[in-house]
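Participant: Line by line, the protein sequences give chains H and Z.
The opening position of the first sequence corresponds to residue 1 in full-length UniProt numbering, with each subsequent residue numbered one higher.
The opening position of the second sequence corresponds to residue 1 in full-length UniProt numbering, with each subsequent residue numbered one higher.
These are calculated hints, taken from the structure and not from any lab test.
We put the beta carbon where it would ideally sit given N, CA and C, even for glycine.
Among the hints, erroneous ones may be present.
[Said to hold, decoys possible] Below, a sample of chain Z positions facing chain H; criterion: calculated Cβ distance under 10 Å:
#1 E10
#2 A14
#3 Y16
#4 L18
#5 S74
#6 S113
#7 A148
[Unchecked claim] To give an idea of the chain Z side of the interface with chain H (calculated C-beta under 8 Å), a few residues:
#8 T19
#9 P22
#10 C43
#11 G46
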Amino acid sequence: MNDFDYLRATALDEASTLAKTPGTMFLAGGTTLIDLAKCGVERPGTLVDITRLPDLSAVTVDEAGATIGALATMSRVAVDAAVTERYPAVSEALLLAASAQLRNMATIGGNLMQRTRCAYFRDPAGYPACNKRMPGSGCSALENVTRDHAILGTSDQCIALYPGDLSVALTALGATVRTTSREIPIARFFVEPGDRPDRETVLERGEIVTAVHVPASAAAANSTYLKVRDRQSYEFAAASAAVGLELEEDGRTIRDIRVALGGVATVPWRAEAVEAALRGRRLGETTIREASRAAVEGARSWYANGYKIELACRVVARAIMEVGGIK
Amino acid sequence: MASLRSMELEINGAQYALTIEPRVTLLDALRENLGLTGTKKGCDQGQCGACTVHVDGERVLACLTLAVQAEGRSIRTIEGLASKDDTLDAVQQAFIEEDAFQCGYCTPGQIMSAVACIREGHAGSDAEIREFMAGNLCRCGAYNGIVAAVRKAAQRIQGAAA
């Protein structure tokens, strides 16, 4: 880990101002940043510790929605009774992520900002070429093992996967990210790699995530997060799906459905084509399986990640059937 | 070069003064600066759980925590688990009885994690123990003994509390 200065912010505007100096980064739970600093991927000049800022860790749930403070830890939000009851996909996504220790450390704001697990991105000594670390240097993944790389939202510059779980649930449920200067719909918060894979979110220098707001809905209250992976626990998704479902009074016609995918794309991936194919339709396994094919429209695989195309469809279908009560 | 920083850390109820670079992790501060080598360095990347300690009562990874971040917090390590007269903690005792280790390197982290796991109420079944102990790897594969030890300790602690 390179040598860096450490400052502890006591107020939000102070933290914002400090971070306007190039080379300065915010430190919260540290589970991504300290890890990447040890890998030599991040080389901060100064860390501004924001974990002692006041009033950023509350979780409040009312009729309009859930507001989750950016400094609330994953473990705390995961077991919040109101979140569990009205936003089960959020609670499940948190509990299926990382380990108990990491969930105690990692914050909700930091969780949004977690970076890819691309093995080439994480290994600057072994693989100097990485457009995400250094735009224009090339991509080491494209000619190597790509089993854990994205099939959706990729570019010829970068196929690194967004590894998170929570953001997938937040994307399905139409959350908003609140920052020190604005409110950003989560669909516009993350940026696909394009020709600037180093830019992963729309956050500006010095801008701090202060909270995440999840609007209340019947689909949110009847939601789930399904995560399929190589191991039963403590592993990133091979493919995952967050699904929220609201039925008409007849109990079988789909009024509202929200679908997002994880483990397959460069950003949390909303599957609007699946939603459109199912809205107004009657619940049924064949209908759901056919509609779920639309989840991978435009998918492209490289060498070893083709399995994700079929897996993503099956995971989406299974998640919809679970919330729909179809065995 | 970053300037050295003087700080006090509260570890196992005692105050320790040290002057270190801000980049020093809590794990390295414990082992290299304070001689508290019970906390182990496995992967040093937040993946294996060998460095698990408690900060303000919650299990965290000392390898991904900067020592300076723990300033003003209450830190507990494996050295602080047994009582002052050397009576072992219920989890330590159960690990011995169930032979829950082979080489022993992951054991301090396993035990610190298990103490928290039981306190969190996540030791209700073998499946729950496996899920909530997933962040502690054992390369010897002593998992069956570990699950048995956590189950036994949980039953004793809950029995004592009832």
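Participant: Would you mind marking each hint as holding or not holding in the structure?
Facilitator: Do the hints match the structure? See the list:
{"no.": "1", "hint": "E10", "in the structure": "violated, 16 Å"}
{"no.": "2", "hint": "A14", "in the structure": "violated, 23 Å"}
{"no.": "3", "hint": "Y16", "in the structure": "violated, 18 Å"}
{"no.": "4", "hint": "L18", "in the structure": "violated, 14 Å"}
{"no.": "5", "hint": "S74", "in the structure": "violated, 14 Å"}
{"no.": "6", "hint": "S113", "in the structure": "holds, 7 Å"}
{"no.": "7", "hint": "A148", "in the structure": "violated, 18 Å"}
{"no.": "8", "hint": "T19", "in the structure": "violated, 13 Å"}
{"no.": "9", "hint": "P22", "in the structure": "holds, 3 Å"}
{"no.": "10", "hint": "C43", "in the structure": "violated, 10 Å"}
{"no.": "11", "hint": "G46", "in the structure": "holds, 5 Å"}
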